[in-house]
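Given the sequences, and given the hints that come with them, work out the whole structure.
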Amino acid sequence: MRIKTTSLQHWIVPIAVLAAWEIFGRAGMLPRYLSFPSAILEALWEITLTGELFTALAASLYRVSVGFVLGTAVGIIVGLGAGILPGVRHFFDPLVSFLYSIPKVAFLPVFLLLFGLGHASKIAIIAFSGFFPVFIASRHAVLSVDRLLVWAARNMGTPPRKIFFRVIVPAAAPQLFAGIRIGLAHAFVVLFAAELIGSKAGLGSIISYGEEWVRFDLMFAGIVCFAVLGFVSDRILLAVRARVLKGQMLGTEERVMG
Amino acid sequence: MIAQTRDLIVRWYSIPLLILLWQLAVGSGLVESRLLPGPGRVWDALVSEIGNGVLVYHAGVTLSRALAGFLLAALVGIPFAMAIARSRLVRNLFEPIFFFGYPVPKIALFPVFTYIFGIGTPSKIAFTFLECLYPIVVTCTFGFREVATRLIWSAQNFGAGRATVLRRVIVPAALPSIFAGLRIALPVAIIVVVITEMIGDSIGLGYYITIWSTRFTFANVYAAIILIGICGLVLDQGLLLLRRYAIYWQGA
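Heads up: the protein sequence lines correspond to chains U and X, in order. Under the working numbering, read the first sequence as residues 1 to 258, first letter to last. Under the working numbering, read the second sequence as residues 1 to 252, first letter to last.
Incorrect hints may appear among the rest.
Distance windows between CB atoms, simulated [said to hold, decoys possible]: (1) V244/U with A160/X: 40 to 48 Å; (2) S65/U with Y115/X: 25 to 33 Å; (3) R183/X with P174/U: 19 to 27 Å; (4) V214/U with L242/X: 29 to 37 Å; (5) S65/U with R215/X: 47 to 55 Å; (6) R166/U with L239/X: 38 to 46 Å.
No wet-lab data here; the hints were simulated from the structure. We put the beta carbon where it would ideally sit given N, CA and C, even for glycine.
See the structure below:
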């Protein structure tokens with residue numbers, strides 16, 4: 001019984017907000033720019049039928065996935081390198097500690113000029129901003145691997161290659177995923193900024209089209225798609241993590257992730 | 001002494017090296033100097049724009065917005081996190097919003113904020129508040145929840161009332177997590193303000209970057225970027241200083 005009241009209480013606030021939004025919005029008591037849920041659903045259906053949604057979604061998804069994978073891959077490789085080799089670490093540490101505190105979006109005008117208004121500039125800036133959290137996480141992860149594990153493996157005559165892949169990488173993996181998750185969140189923020197500032201394409205185009213033509217239902221449809229895309233990507237990442245780290249997460253608090 | 005100098009060089013050589021490479025690349029004409037002006041010109045732009053007060057003004061706008069949103073989020077978020085951690089009803093009502101809303105890219109809501117609050121300062125502060133609220137509430141909730149129950153019990157055993165337990169046990173025990181949350185939120189505040197200023201405004205460092213890049217004066221753009229970096233570093237160090245003062249028993 002207790003479980004039932006708990007899950008019931010979970011739904012109270014979201015349902016109340018949606019219901020109030022719908023009722024007052026439909027009655028015209030809210031400002032027009034707030035639209036209301038059923039109109040937003042209709043707008044979603046409309047752009048699904050015309051196919052605009054898929055074109056926009058495909059463009060956004062392409063940019064964010066390529067940029068994210070690129071930034072993450074480079075971040076992991078350089079970060080692991082920096083964790084293992086002091087030379088690499090000493091080269092990258094000062095640069096990263098300075099650049100880290102700068103919002104990478106500030107470089108957007110430069111990237112737009114270098115790579116043009118198309119896909120390339122968005123991919124590049126998403127990769128650029130995704131690199132930093134992943135780099136920092138993997139660098140710290142390698143440095144905090146229990147030395148005893150490495151010594152034990154070395155004592156038993158394990159070749160360095162095998163130590164790297166069988167000891168260091170698995171031990172560093174949990175922290176690595178934490179960095180990747182932050183990188184993913186950054187990727188969506190940068191994607192949104194780039195699509196709104198740089199060029200009118202992708203989901204950002206639907207949002208700004210809605211704004212320009214006073215179609216607030218369309219604007220919200222774009223916002224909803226963007227939010228869902230971000231949320232689903234995060235869930236996919238968590239599912240991948242749960243698979244990769246099977247057994248390493250026993251007894252850890254997993255509630256943040258729901 | 002020599003070993004120390006050597007250590008310093010080994011640790012920091014990459015920044016001067018890159019500046020040197022940058023100078024060489026620009027000097028030899030390999031990269032277009034309009035797009036990437038040499039370090040000397042960026043330095044000149046930084047000095048002159050700070051000297052005539054323009055960059056100082058825009059940085060002041062950006063920083064005050066970021067700090068206002070950040071402080072509001074801390075003032076609301078920390079008590080709210082405590083309520084979520086300590087009351088079953090509050091937790092059941094609000095936890096899903098925070099834990100499911102956390103991975104949602106809230107930046108997409110910014111257009112709506114500009115309709116509600118206008119394009120000026122209020123919408124930036126309100127949006128920064130929202131973006132900072134999430135990391136603060138989520139991180140602090142864990143901190144408040146993980147306060148060891150035996151600490152609370154032993155305080156109650158000594159006859160401490162609710163207010164005393166809260167002030168002398170729960171809040172100090174959660175302070176490390178509170179500062180962890182604040183440290184995640186502070187750069188978020190700066191990022192969000194700069195982005196929203198780039199999307200649409202007529203003051204602030206984000207606007208400054210956009211306007212000078214459309215005028216192809218990239219020396220000023222890089223000067224502003226460097227200034228943002230310095231501001232971020234200073235704020236982070238300030239927060240660490242505050243942390244050391246507040247959590248004196250934990251050392252560095």
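A quick look at each hint next to the structure:
{"no.": "1", "hint": "V244/U with A160/X: 40 to 48 Å", "result": "holds (46 Å)"}
{"no.": "2", "hint": "S65/U with Y115/X: 25 to 33 Å", "result": "holds (31 Å)"}
{"no.": "3", "hint": "R183/X with P174/U: 19 to 27 Å", "result": "holds (20 Å)"}
{"no.": "4", "hint": "V214/U with L242/X: 29 to 37 Å", "result": "violated (46 Å)"}
{"no.": "5", "hint": "S65/U with R215/X: 47 to 55 Å", "result": "violated (34 Å)"}
{"no.": "6", "hint": "R166/U with L239/X: 38 to 46 Å", "result": "holds (39 Å)"}
Hints 4, 5 from the list above are not met by this structure, while the remaining hints are.
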